[in-house]
Amino acid sequence: MFEALGLMVFYENMLALNNVSLACGDNQIVGVFGANSAGKSTLMYTLSGIMEDIAKKELMAGGERITLRGSINYKGRDISHDKPSKRAKAGIILCPERRRIFPESSVLENLKIGGYLAKPAQAAETLEYVFKIFPPLTKIVRRLGGFLSGGEQQMLAIGRALMAQPKLLLLDEPLLGLSPAIQYWLAKSIKEIAEERGVAIIVAEQYARPIMPIIDYGYILENGSAVVEGDKDELMNNPDVKSAYFGA
Amino acid sequence: MDILIYGVINSATLALMALGFTLVYGVSRLPNFAHGALYVLAGYICWLLLNRLGLPYILAIALALGLVAVVGGAMYQLILVRIRGMSISEIIASYAIGLAILEGLRWGGLKGGTFTLPAFLEGSVDIAGVSVDFQRILVVVLGALLVGLLYFFVNHTRLGLALKGMAQDERAALTLGIDSDRMAVASMALGSLSAAIAALILLPLGSIVVEAGYHVLIMAVAVCIVGGLGSWTGAILASFVIGFAQILTTAYLGAHFQVVVAILAIILTLILRPSGLFGKQKELEERV
Numbered sequence: 001m002f003e004a005l006g007l008m009v010f011y012e013n014m015l016a017l018n019n020v021s022l023a024c025g026d027n028q029i030v031g032v033f034g035a036n037s038a039g040k041s042t043l044m045y046t047l048s049g050i051m052e053d054i055a056k057k058e059l060m061a062g063g064e065r066i067t068l069r070g071s072i073n074y075k076g077r078d079i080s081h082d083k084p085s086k087r088a089k090a091g092i093i094l095c096p097e098r099r100r101i102f103p104e105s106s107v108l109e110n111l112k113i114g115g116y117l118a119k120p121a122q123a124a125e126t127l128e129y130v131f132k133i134f135p136p137l138t139k140i141v142r143r144l145g146g147f148l149s150g151g152e153q154q155m156l157a158i159g160r161a162l163m164a165q166p167k168l169l170l171l172d173e174p175l176l177g178l179s180p181a182i183q184y185w186l187a188k189s190i191k192e193i194a195e196e197r198g199v200a201i202i203v204a205e206q207y208a209r210p211i212m213p214i215i216d217y218g219y220i221l222e223n224g225s226a227v228v229e230g231d232k233d234e235l236m237n238n239p240d241v242k243s244a245y246f247g248a
Numbered sequence: 001m002d003i004l005i006y007g008v009i010n011s012a013t014l015a016l017m018a019l020g021f022t023l024v025y026g027v028s029r030l031p032n033f034a035h036g037a038l039y040v041l042a043g044y045i046c047w048l049l050l051n052r053l054g055l056p057y058i059l060a061i062a063l064a065l066g067l068v069a070v071v072g073g074a075m076y077q078l079i080l081v082r083i084r085g086m087s088i089s090e091i092i093a094s095y096a097i098g099l100a101i102l103e104g105l106r107w108g109g110l111k112g113g114t115f116t117l118p119a120f121l122e123g124s125v126d127i128a129g130v131s132v133d134f135q136r137i138l139v140v141v142l143g144a145l146l147v148g149l150l151y152f153f154v155n156h157t158r159l160g161l162a163l164k165g166m167a168q169d170e171r172a173a174l175t176l177g178i179d180s181d182r183m184a185v186a187s188m189a190l191g192s193l194s195a196a197i198a199a200l201i202l203l204p205l206g207s208i209v210v211e212a213g214y215h216v217l218i219m220a221v222a223v224c225i226v227g228g229l230g231s232w233t234g235a236i237l238a239s240f241v242i243g244f245a246q247i248l249t250t251a252y253l254g255a256h257f258q259v260v261v262a263i264l265a266i267i268l269t270l271i272l273r274p275s276g277l278f279g280k281q282k283e284l285e286e287r288v
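Keeping their order, the protein sequence lines are chains C and D.
My numbering applies: residue 1 is where the first sequence begins, and numbers increase by one.
My numbering applies: residue 1 is where the second sequence begins, and numbers increase by one.
One chain only, chain C, in its complex shape (with noise of 0.2 Å):
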């Protein structure tokens, strides 16, 4: 359903992506690991198209020069140069880094902002759903985003993500900032997601652990190549996987 093609992205001359590749089919969760600086959110801008309009933004204000290759395939279309309004029209969600929450809004109107792409009654089918399987956002729909946990915001920055009706939803570092607890309780929720909702997701993290039982598909990124890829098992049973991600 969703193929991207020899990725390159250049930062002025320095490589933040090289020439990676990634396919992700209806319902699959591909998983893409990586270090910091590996190249992650470039890569989760990229699918977007938010880095068409970072490019775009930095050509405008003469700041750094960034470049792009590479050809972006989703559903039999190619959309390397779709605007990201565009894309996301399409269904293709980014959940941001560091999720963004719109801090002057409540959480409920978070959500609504969300559902801007949303039908009216997809968008009320949709908050129930996010407060079904988000609870604790129930007890604290007026508090503003500003003040929000760490796991409150990430909860919100999905459910914000759901409203806007994705069919392949991309989450950058979910689990960035939560305690372990927390961590295997959102992968587990973000597993019940893609069943539930029938959505495809890519979720880019260095947290490898909790993300690893829950992915079809898996690749490792590091310094901007896709060095290691394969299915669960694959990277598991990988040594050098084995020894970076899991300590043994």
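It should be emphasised that the hints constitute simulated quantities derived from the structure, not laboratory data.
Just so you know, not all the hints are guaranteed correct.
Below, a list of computed lysine to aspartate or glutamate pairs in the EDC-like style, where the Cα atoms sit at most 20 Å apart [said to hold, decoys possible]:
(1) Lys86/C x Asp169/D
(2) Lys75/C x Asp26/C
(3) Lys56/C x Glu90/D
(4) Lys164/D x Glu109/C
(5) Lys57/C x Asp179/D
(6) Lys167/C x Glu128/C
(7) Lys56/C x Asp169/D
(8) Lys89/C x Glu125/C
(9) Lys86/C x Asp179/D
Mind docking chain D on chain C? Use the hints.
Same frame as chain C, but now just chain D:
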């Protein structure tokens, strides 16, 4: 007593003038320095429709509002979109457009005090011994109504919420399918519409002159800086602060100090509290 009543009226006047400016800046971070020109343009278009085409007043008002909103949106779509994100260029370009409109109107014959719009309601009423004409009461009522409508729009409609999201975090809004250029066009159209509404409410009190364009811009900028750029509550509060200060200086010093008060308010704010009464200049940068 007349200080109180005229203070409220003057404050409502300022709030009307500033609302469109603060709306556009708050949502799109676009300093629309053509704001005053759009204000005068609305008045002139309405006058033309009324006197040259002989349209009924209501129809002329509706058409003028619509046209000015389109002009505002087109201004972004055709010109400002090319320099988006470079704030100095945005100021220069929008001010240049404003100059072109205003001086174009002057060149086209908008001179002298002969261009006037009729009041919505003739007559006056005594409030606590002070005679106030109906149009001035309408300024307060319609000003409050406009604030209420805009508040409802921003908090309870799909487009309004999208604008609010865009104002808080552009990148997050982008991920949700909200298009930044489309939102900027919408906010410019909406801001121009509020400028036009203000013009059609306020201009019947005087005559349509080119200078009003510059006056309105200065007042709008003053209110927005004192209130804190892009803050609604701040803008409304600041219009009351400046509005009453002006009426007080008029009563005790003389009418020609009105603009001095506004400029002084800008300077004092920038010295004492640069982000304004309610401004949030990114006090809380990203916490990780």
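Hints and how they fare:
1. Lys86/C x Asp169/D: Answer holds: Lys86/C to Asp169/D is near 19 Å, not above 20 Å.
2. Lys75/C x Asp26/C: Given that 20 Å is the threshold and the Cα spacing comes to 10 Å, the pair holds.
3. Lys56/C x Glu90/D: Given that 20 Å is the threshold and the Cα spacing comes to 17 Å, the pair holds.
4. Lys164/D x Glu109/C: Holds. Lys164/D to Glu109/C sits at ~10 Å (cutoff 20 Å).
5. Lys57/C x Asp179/D: holds, 14 Å
6. Lys167/C x Glu128/C: It holds: about 18 Å lies between the C-alpha atoms, which stays within 20 Å.
7. Lys56/C x Asp169/D: holds, 17 Å
8. Lys89/C x Glu125/C: holds, 18 Å
9. Lys86/C x Asp179/D: Since the Cα atoms of Lys86/C and Asp179/D sit roughly 8 Å apart, the hinted pair holds (cutoff 20 Å).
Checked against the numbered hints given earlier, this structure breaks none of them.
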